[in-house]
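J.: So the chains spell out like this:
There are 6 protein chains.
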Amino acid sequence: MPYVNIRVAGTLDKVQKAKISRGVTDVIAREANKPPESIIIFIDEVPHENIAKNGELLTPPK
Amino acid sequence: MPYVNIRVAGTLDKVQKAKISRGVTDVIAREANKPPESIIIFIDEVPHENIAKNGELLTPPK
Amino acid sequence: MPYVNIRVAGTLDKVQKAKISRGVTDVIAREANKPPESIIIFIDEVPHENIAKNGELLTPPK
Amino acid sequence: MPYVNIRVAGTLDKVQKAKISRGVTDVIAREANKPPESIIIFIDEVPHENIAKNGELLTPPK
Amino acid sequence: MPYVNIRVAGTLDKVQKAKISRGVTDVIAREANKPPESIIIFIDEVPHENIAKNGELLTPPK
Amino acid sequence: MPYVNIRVAGTLDKVQKAKISRGVTDVIAREANKPPESIIIFIDEVPHENIAKNGELLTPPK
Chain R
1 MPYVNIRVAG TLDKVQKAKI SRGVTDVIAR EANKPPESII IFIDEVPHEN
51 IAKNGELLTP PK
Chain C
1 MPYVNIRVAG TLDKVQKAKI SRGVTDVIAR EANKPPESII IFIDEVPHEN
51 IAKNGELLTP PK
Chain B
1 MPYVNIRVAG TLDKVQKAKI SRGVTDVIAR EANKPPESII IFIDEVPHEN
51 IAKNGELLTP PK
Chain W
1 MPYVNIRVAG TLDKVQKAKI SRGVTDVIAR EANKPPESII IFIDEVPHEN
51 IAKNGELLTP PK
Chain Z
1 MPYVNIRVAG TLDKVQKAKI SRGVTDVIAR EANKPPESII IFIDEVPHEN
51 IAKNGELLTP PK
Chain G
1 MPYVNIRVAG TLDKVQKAKI SRGVTDVIAR EANKPPESII IFIDEVPHEN
51 IAKNGELLTP PK
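Taken in sequence, the protein lines are chains R, C, B, W, Z and G.
Under our numbering, read the first sequence as residues 1 to 62, first letter to last.
Under our numbering, read the second sequence as residues 1 to 62, first letter to last.
Under our numbering, read the third sequence as residues 1 to 62, first letter to last.
Under our numbering, read the fourth sequence as residues 1 to 62, first letter to last.
Under our numbering, read the fifth sequence as residues 1 to 62, first letter to last.
Under our numbering, read the sixth sequence as residues 1 to 62, first letter to last.
There's no promise every hint is true.
If chains are identical, the list can't say which one is meant, so a pair holds when it fits in one copy or spans any two.
[As the list claims (entries may be wrong)] Straight-line distance between alpha carbons at most 27 angstroms, and here's what the computed DSS-like set of lysine-lysine pairs gives:
id : residue 1 : residue 2
1  : Lys62     : Lys19
2  : Lys62     : Lys34
3  : Lys34     : Lys53
4  : Lys14     : Lys34
5  : Lys34     : Lys19
6  : Lys62     : Lys14
No wet-lab data here; the hints were simulated from the structure.
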């Protein structure tokens with residue numbers, strides 16, 4: 001029943017999302033010994049101005 | 001202080017969100033013995049192309 | 001493919017977790033029109049000293 | 001490697017997000033003794049109609 | 001700045017966690033075009049009795 | 001109704017959790033203009049072997 005949440009800065013196109021989903025599912029199914037059909041992935045595309053590192057937004061206000 | 005996060009594929013209308021919130025709050029208040037006014041629910045409506053099962057997006061690229 | 005995360009302060013016994021899971025699944029299946037077998041719930045039991053409200057831990061240090 | 005997720009009802013402007021990020025990073029770096037450059041913050045702006053308290057949406061349907 | 005949260009039922013040994021982390025990081029770095037050193041993964045090992053599917057705990061009470 | 005989740009590697013003592021909760025609540029109340037009594041914080045203390053950066057666990061297997 002693995003649940004995976006992937007949060008990235010900015011957007012991904014549909015092919016990128018498909019390849020990430022396939023690849024991450026394969027890794028977890030193989031290494032954790034879980035049936036792939038039980039693996040659910042949610043991808044969150046988060047605007048750069050909503051993410052901070054070291055106290056700074058990725059796109060800071062001017 | 002229960003916190004609930006509900007993630008669904010696609011969108012819900014406002015009446016659905018209201019009924020889910022009422023129903024889920026009632027269940028948790030009753031079964032977990034928590035004051036309903038302490039229960040917070042966040043509903044996330046996630047696009048089908050951002051969710052994968054069995055390594056496939058719910059709406060795969062063509 | 002609804003995913004639900006319920007975080008409560010303290011612990012629940014197994015019967016409480018079972019009743020909450022049944023009740024929350026029924027509500028979401030009915031109101032959001034989702035097949036119940038697609039609904040996954042994760043319950044997190046969080047120690048009182050790891051939760052704060054109004055800037056105070058639920059069990060503050062002396 | 002602290003990860004922080006802040007979910008607020010409604011929207012924030014960029015200056016608010018920047019000040020929150022700076023302030024929260026400073027607090028965690030100082031009190032938890034973590035290098036500020038290792039602290040990542042994700043801010044989620046959630047519509048009022050997707051949040052419920054006491055079984056009621058913050059903006060209920062009429 | 002990708003953040004990944006992987007929640008599994010039960011426990012994993014350290015080698016499994018290491019292989020999953022390596023594999024998932026490689027997939028995301030390659031497909032999403034992100035520097036691997038910016039990818040953070042948190043693995044949550046969740047007891048079977050805290051996870052439900054179809055309204056039933058993975059290990060239901062007798 | 002701000003909800004904050006802070007995930008740290010390793011453990012914090014109760015005084016650290018109290019100071020972080022107070023400080024983070026003050027920052028969000030002030031900068032986002034939210035009543036402090038509406039701000040809920042959950043702190044997750046995550047074992048080093050369950051966190052990876054750059055594809056490596058913080059405490060890798062030998």
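J.: It remains to establish, for every hint, whether it holds in the given structure.
T.: Verification of the hints:
1. Lys62 <-> Lys19: between (36 angstroms within a copy, 13 angstroms between copies)
2. Lys62 <-> Lys34: Close across copies (25 angstroms), not inside one copy (48 angstroms); limit 27 angstroms.
3. Lys34 <-> Lys53: between (34 angstroms within a copy, 13 angstroms between copies)
4. Lys14 <-> Lys34: Result: close both inside a copy and across copies, 25 angstroms intra and 16 angstroms inter.
5. Lys34 <-> Lys19: both (19 angstroms within a copy, 14 angstroms between copies)
6. Lys62 <-> Lys14: Only across copies: Lys62 and Lys14 sit 9 angstroms apart there, 32 angstroms inside one copy, limit 27 angstroms.
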